[in-house]
Amino acid sequence: MTYAPDSLFDGLHHQMIKYFEETHGRENVIQCMEKMGYRVGFSLIEKATKEEARVKEDVDIVKYICKDLWNMVFRKQADNLKTNHTGTFVIQDNRFRFLTRVSQSDQYKQRGEMYVAFTCGVVKGALSNFGLPCSVAAEIEMIPTVKVTLTLQQPAN
Amino acid sequence: MAVCIAVLTKDNCPLYIASDPAEDGLKMHFLVHTSIDVIEEKLNSATAANDPRDLYLGQLYPNEDYRIYGYVTNTKIKIVVIESITNPLKDGDARQVFSKVHSGYISLVCNPFYSPGDTITSQPFLNTVTSLMRGKAIA
Numbered sequence: 032m033t034y035a036p037d038s039l040f041d042g043l044h045h046q047m048i049k050y051f052e053e054t055h056g057r058e059n060v061i062q063c064m065e066k067m068g069y070r071v072g073f074s075l076i077e078k079a080t081k082e083e084a085r086v087k088e089d090v091d092i093v094k095y096i097c098k099d100l101w102n103m104v105f106r107k108q109a110d111n112l113k114t115n116h117t118g119t120f121v122i123q124d125n126r127f128r129f130l131t132r133v134s135q136s137d138q139y140k141q142r143g144e145m146y147v148a149f150t151c152g153v154v155k156g157a158l159s160n161f162g163l164p165c166s167v168a169a170e171i172e173m174i175p176t177v178k179v180t181l182t183l184q185q186p187a188n
Numbered sequence: 089m090a091v092c093i094a095v096l097t098k099d100n101c102p103l104y105i106a107s108d109p110a111e112d113g114l115k116m117h118f119l120v121h122t123s124i125d126v127i128e129e130k131l132n133s134a135t136a137a138n139d140p141r142d143l144y145l146g147q148l149y150p151n152e153d154y155r156i157y158g159y160v161t162n163t164k165i166k167i168v169v170i171e172s173i174t175n176p177l178k179d180g181d182a183r184q185v186f187s188k189v190h191s192g193y194i195s196l197v198c199n200p201f202y203s204p205g206d207t208i209t210s211q212p213f214l215n216t217v218t219s220l221m222r223g224k225a226i227a
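Going down the list, the protein sequences come from chains V and F.
All residue numbers for the first sequence refer to the working numbering, where the first residue is 32 and numbers rise by one.
All residue numbers for the second sequence refer to the working numbering, where the first residue is 89 and numbers rise by one.
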């Protein structure tokens, strides 16, 4: 698999956010980016799981997302995964790719949320294709650390 | 040579069923429908006879005229291939057929003009399946 330079997608991602901000307004950027990410995540998982052995448990599916999906998209694994064993998972990435070049002040925290929206969509699409519909929310405590919270819509078995 | 190839979604809706014109289409539909139960049973059984992590499920159930094979992807898409006893596929060949159908399906999902869940009308996919059913040399 050949990789395009990282800056290519970083630039495109940034322009996507600017475009949605200009055409749909600031409030809708997150929604638009998530929708795009959804379809991308869906296809990505379809392609990636062809050669994989069957993944059965919910926990295994989320672990797959943290390791293999994160590796595919960001070329590194997610740094931390926490669960409360009742269907909620928190994936933590300490150097979130799209925020590594943003300065670490609170000034950009709100705008930072728009930069995580696409990734949330990718995770949502991926889980949905595995058969686990869920809601995904992102939290930025301190740039560039991002926590993505997944809430599965059915109780985990 | 396969006489019928079917692709079903996770909710068991048929996305695509194609059978050899020489065979009774309704009977093929019926066989595919009955194989859904067997697939679900195989997926849920904790003590699977074959490797539970394998996507290929092998022969689903015995029938006097046909052999029915199943395959479930990680994304819960079920593929059923029916072939007649008079012209059986070897086990390795069956896996290859499923692999090709799966690849065809992946190409379809990656197509931005296809919405997941819609019936499959894409020409390349139809061509792949038709050539598999005609038993062209599996390259």
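Rather than coming from a laboratory, the hints here were simulated on the basis of the structure.
Heads up, a few of these hints could be off.
Claimed, not checked - Simulated restraints on C-beta separations:
id	chain 1	residue 1	chain 2	residue 2	range
1	V	108	F	211	36 to 42 Å
2	V	59	F	115	30 to 36 Å
3	V	37	F	113	50 to 56 Å
4	V	117	F	153	47 to 53 Å
5	F	114	V	142	58 to 64 Å
6	V	116	F	175	32 to 38 Å
7	F	211	V	138	49 to 55 Å
8	V	90	F	125	26 to 32 Å
9	V	59	F	151	42 to 48 Å
10	V	57	F	219	26 to 32 Å
11	F	195	V	142	50 to 56 Å
12	V	140	F	121	51 to 57 Å
13	V	162	F	122	20 to 26 Å
Where is the CB? At the ideal position from N, CA and C, for every residue including glycine.
Evaluated hints:
Evaluation of the 36 to 42 Å hint for residue 108 (chain V) and residue 211 (chain F) yields a pass: the beta carbon distance comes to about 39 Å. Distance hint for residue 59 (chain V) and residue 115 (chain F): a CB-CB separation of about 51 Å, inconsistent with the stated range 30 to 36 Å. Under the hint 50 to 56 Å, the C-beta atoms of residue 37 (chain V) and residue 113 (chain F), about 52 Å apart, fit the expected range. Range check, residue 117 (chain V) to residue 153 (chain F): Cβ separation about 50 Å, and the 47 to 53 Å hint holds.
Separated by about 59 Å at the C-beta atoms, residue 114 (chain F) and residue 142 (chain V) satisfy the suggested range of 58 to 64 Å. A hinted range of 32 to 38 Å is violated for the C-beta pair residue 116 (chain V) and residue 175 (chain F), which are about 51 Å apart. One distance hint, 49 to 55 Å for the beta-carbon pair residue 211 (chain F) and residue 138 (chain V), holds here, with the actual separation near 52 Å. Between residue 90 (chain V) and residue 125 (chain F), the C-beta spacing of about 28 Å keeps the proposed range 26 to 32 Å intact.
In this structure, residue 59 (chain V) and residue 151 (chain F) break the distance hint of 42 to 48 Å, their C-beta atoms being roughly 55 Å apart. Distance hint for residue 57 (chain V) and residue 219 (chain F): a CB-CB separation of about 51 Å, inconsistent with the stated range 26 to 32 Å. Evaluation of the 50 to 56 Å hint for residue 195 (chain F) and residue 142 (chain V) yields a failure: the beta carbon distance comes to about 37 Å. Between residue 140 (chain V) and residue 121 (chain F) the C-beta distance comes to about 54 Å, which sits within the given range of 51 to 57 Å.
Checking the proposed 20 to 26 Å range against residue 162 (chain V) and residue 122 (chain F) shows it holds: the Cβ atoms sit about 23 Å from each other.
In summary, the numbered hints that this structure violates are 2, 6, 9, 10 and 11.
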